[in-house]
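Engineer: Listed here are the chains, written in short residue letters.
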Amino acid sequence: MSLSFQDLILTLHRYWSDQGCVILQPYDMEMGAGTFHPATVLRALGPDPWKCAYVQPCRRPTDGRYGENPNRLGHYYQYQVVLKPSPPQMQDLYLGSLTAIGIDPLKHDIRFVEDDWESPTLGAWGLGWEVWCDGMEVTQFTYFQQVGGFECKPVSGELTYGLERLAMYIQGVDNVFDLRFNDAGVSYGDVFLENERELSAYNFEVANTEALFDLFRKAAAECENCLEAKLPVPAYEQAIRASHVFNMLQARGVISVAERQAYIGRVRDLAKAACAAWLERATP
Amino acid sequence: MTDFLLELRSEEIPARMQAKARNDLARLFAECTSAAGLSTGAVDAHSTPRRLVLIVRDVAESTKAAREELKGPRANAPEQALEGFLRKTGLKREQLEDRDGVLFAVIERPGKAAADVLAETVKRIVTDFPWPKSMRWGDGGLRWVRPLHGIVAILGEDIIPVEIDGIASSATTFGHRFHHPGPITIGGAHDYAEKLRACHVIVDQDERERLIREGAAAVAREAGLALIEDEGLVVENAGLTEWPVPLIGRFDDDFLDVPREVIVLTMRTNQKYFACTNDEGLLAPAFICVANVDSKDGGKAIAQGNARVLAARLADARFFWEQDVKIPLEEQARKLDGIVFHEKLGTVADKVERVARLARWLVEEGIVKGAKPDQVERAARLAKADLVSGMVGEFPELQGVIGGYLAEAQGEPKAVAEAIRDHYKPVGQGDEVPTAPVTVAVSLADKLDTLLSFYTIGEVPTGSKDPFALRRAAIGSIALILANNIRVSLLPLFMAMFQERVAAFQTGFMGNTPQGVLLLLADRLKVQQREAGVRHDLIDSVFALGSEDDLIRLLARVKALQEFVGTEDGTNLLVAYKRAANILKKEKWEGTGASGGSDLAAEEKALIDALDKAEPKAAAAIGKEDFTGAMAALAFLRKPVDSFFDHVTVNDPDKAKRERRLNLLLRFRDAVNAVADFSRIEG
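Heads up: the protein sequence lines correspond to chains L and A, in order. Residue 99 in the working numbering sits at position 99 of the first sequence, with consecutive numbering throughout. Just add 1000 to the spot in the second sequence (first one is 1) and you have the working numbering.
Just so you know, these hints were derived from the structure itself, not from any lab. Where a beta carbon is used, it is the ideal one built from N, C-alpha and C, also for glycine. Where hints are given, some of them may not hold.
[Said to hold, decoys possible] In silico EDC-like cross-links for lysine to aspartate or glutamate, where the CA-CA straight-line distance does not exceed 20 Å: (1) A:Lys-1605 x A:Asp-1642; (2) A:Lys-1020 x L:Glu-114; (3) L:Lys-51 x A:Asp-1204; (4) A:Lys-1133 x L:Glu-118; (5) A:Lys-1020 x A:Asp-1204; (6) A:Lys-1272 x L:Glu-114; (7) L:Lys-153 x A:Asp-1204; (8) A:Lys-1344 x L:Glu-114; (9) A:Lys-1344 x A:Asp-1204; (10) A:Lys-1020 x L:Glu-118.
[Said to hold, decoys possible] Not close to chain L: a few residues of chain A, all C-beta gaps over 12 Å, as computed: (11) Ala-1066; (12) Gly-1232; (13) Ala-1312.
[To be verified] Just so you have them, the derived chain A footprint on chain L, three or more residues with Cβ under 8 Å: (14) 6-20; (15) 79-90.
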């Protein structure tokens, strides 16, 4: 039988642990992608080697569909691997992980299709691919070139697996809520369907926009407060917070096209300043 | 003479970059070797997703030895002169030859071995390669499109030793990523392609393209279908595979409710699949994907997997389509007041309002013929409504097409639905030009509104900068006017549109705006007509009249003029014209009105008579738009003006004679200028 959702995660943990990665637990803050985790963004900066793997819950309020769309979720999971410096055999290591979770590359069609990655809110970009398995994008594979506006030296290799999609593929399931979460009869829907409904309603209809605008301002101010105190980690946390609040405001539809760029620019400035502070601390 | 093989093996090179990379590889190689003086035979570049390959035939063994002689100072020259010469040549005094008291340096340059030249060439290629985007990896400093892993460089059967940032050349490469993951040893250029073929890699992209083109057609045929050919997809898939295997898959018939363009576009852009038609020419519920592997199960799992991915994509598309169909276009159109068209030009709803009024006016004035004003206005008011549809949100390139389908679905008249669908056309040169009257009215109004609106706020294209694609709008307008024989005097129209916009946008008044738009049209017309063999200077000469702003009439004039200046009469008249114009210019002659007299020279009199006849004839012909007739009237002037110049002195000492003769030349010049400004004609 194919891997359950949780066994998929456990298998990846085992595999990447064997490659010498630090296995981390999810960061305890809301964020839009696994990349935002300080173990990726901050550790990609500076000269020190680093290898880690973790699952990160991702919140994308605008992608919520009240649990009615079989492929879209406002809250889902990414499996994130960072190898710094990126090893020469990075692609082979990645392909090894696919074999480990039961994808035979001589039976399926694995392809590396150009997809350059850029995060305007993190001031980060890299080159790489989306990895296709039989036409389905299962992983984002990126060699970071810049983070927080700073050149990455050495370069980190980043792998981001879309766990739900990958599990749907492995299990042959067409609706995410039908995924086997474990092998004891619990489905993904049992665990998350109600959450999706309620969070969609909250994100699109209920969230107090005045409070959110206020929260954005406060997070930005707190970030600057931390920068003043030369504390890059909490400063970066506040930048993540501001980014998430901005995503919430977007879902509520209260940010105009013209304002949007200004908000993104504000978050980027905070993130960049935190990155700069982190680098200053790392190089005495 | 031996052959040279270079393979640069990397991680997957983006498909879209490979063609240019092959050219750059061959070009850099040729530049480096020819600069070094190494002669070679044919140079062939190939690419796969994981390698750039160069095969060079008949490489010379070495560069030619050269002997160079430099003349130096005299043997008894001062010490400084000698020192300078020695420094320049890098020789010592005793190495110089003394020939009759003059020193010579003889420098022998021995031939350089091909291996050395090639080693340097490979280094230059790798360090200077002009990738559109490149990257670093690991802790190295080298840049390549994706991490570079291996260099195979073999001349004949000998490895050319090179090391670049820790990557040393060798005879080792790797085959297909999954079929043959182990190392292979290459003998040289002679066995490279065949060894790789044995390891599931087809090195030549042309061969892979052919396999895809023919293979996809074959699997479609086997299924009783016809492939919709798509050369772009062939090239892209060849850039994504080392061992291409076309496979056919199916999707649910139910999805065929979704507009065909949406299905084809989803398959093409998101999945790189080919589409097929059935024997009635309708879209078939099938797709062809190109796998990069000879799968254990004959491709069953791959086709199934791709079918599931496509089903999810189509389900998404159908969801948007079903949502969109529920909302009447009028209701969607109302949301356009929330979309900013340009900060100074208001919302898209404002633009729609302007276009609707202009389109209706074009029809009511009889400028666009054969359309019902109400249909035109309705089409214009609904034309942009699909911009807020979910479908166009997903597939922006389907703007218009989706609107057309939605209009049809809500029972709009065919002419209206068509106009909504096609009103963006023509998009640039070569695109199909609408001829359906309702479509023509909406399309032309849309483009003219864009032109006049941006020009009114001073946003004009300059050099390579044309952020609002105004040149494209100009080309589209010209094509619509010419293809549909639209007769309109553009300047007054532009003036009226301009005044309306100055008021609407509350902008400063830039008086030459209408002329500016006309100039842009003239400029694009010249480019567009160049292919048809129409001389640009003749277009200028008619435009320079300042009064010709009807493009149809303008081109008729230009064509008659082009014929005329090709005749002997035309050439000579042009010479006489230039002579007259030069004299007038030199004298800064503005005209005094004096003419005639009792002492006219015969040739003077003859020219006056000829003008008396030619002027009204030319004017009448122009009035009837008979430009060939107007040219014929001018041709009549040629002989009299030639003999006038031959026998009459303009600059006569008699002031009165001089004055009236200058006036006569002025009259002649103006008569010619009534047809076209001949001073703009070259030659």
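Engineer: Evaluate each hint against the coordinates.
Structural biologist: Against the structure, the hints:
The hinted pair formed by A:Lys-1605 and A:Asp-1642 meets the criterion: a straight-line CA distance of about 13 Å does not exceed 20 Å. With a C-alpha separation of about 16 Å, the suggested pairing of A:Lys-1020 with L:Glu-114 holds against the 20 Å cut-off. The suggested pairing of L:Lys-51 with A:Asp-1204 is violated, with an alpha-carbon distance near 39 Å, which exceeds 20 Å. For the proposed pair A:Lys-1133 and L:Glu-118, the alpha carbon gap of about 14 Å is at most 20 Å, so the pair holds.
With a CA separation close to 15 Å, the supplied pair A:Lys-1020 and A:Asp-1204 stays within the 20 Å bound. Distance hint between A:Lys-1272 and L:Glu-114 is fulfilled; the C-alpha atoms sit about 13 Å from each other, no more than 20 Å. Of the pairs offered as hints, the one joining L:Lys-153 and A:Asp-1204 is violated, with about 36 Å between alpha carbons and a cut-off of 20 Å exceeded. Taking the CA atoms of A:Lys-1344 and L:Glu-114, the gap is near 38 Å; set against the 20 Å cutoff, the hint is violated.
Taking the CA atoms of A:Lys-1344 and A:Asp-1204, the gap is near 53 Å; set against the 20 Å cutoff, the hint is violated. Straight-line distance between C-alpha atoms of A:Lys-1020 and L:Glu-118 comes to about 24 Å, which puts the hinted pair past the 20 Å bound. In this structure A:Ala-1066 is separated from chain L by more than 12 Å, as the shortest Cβ-Cβ distance comes to about 43 Å. Every beta carbon of chain L lies more than 12 Å from that of A:Gly-1232, the smallest distance being close to 15 Å; the non-interface claim holds.
The Cβ of A:Ala-1312 does not lie farther than 12 Å from every Cβ of chain L; its closest approach is about 5 Å, which violates its non-interface assignment. Check on the stretch 6-20 of chain L: 0 of its residues sit with their Cβ under 8 Å from a Cβ of chain A, so the three-residue criterion for coverage is violated. Under the rule that three or more residues need a Cβ within less than 8 Å of chain A, the assignment of the stretch 79-90 of chain L holds, with 5 such residues.
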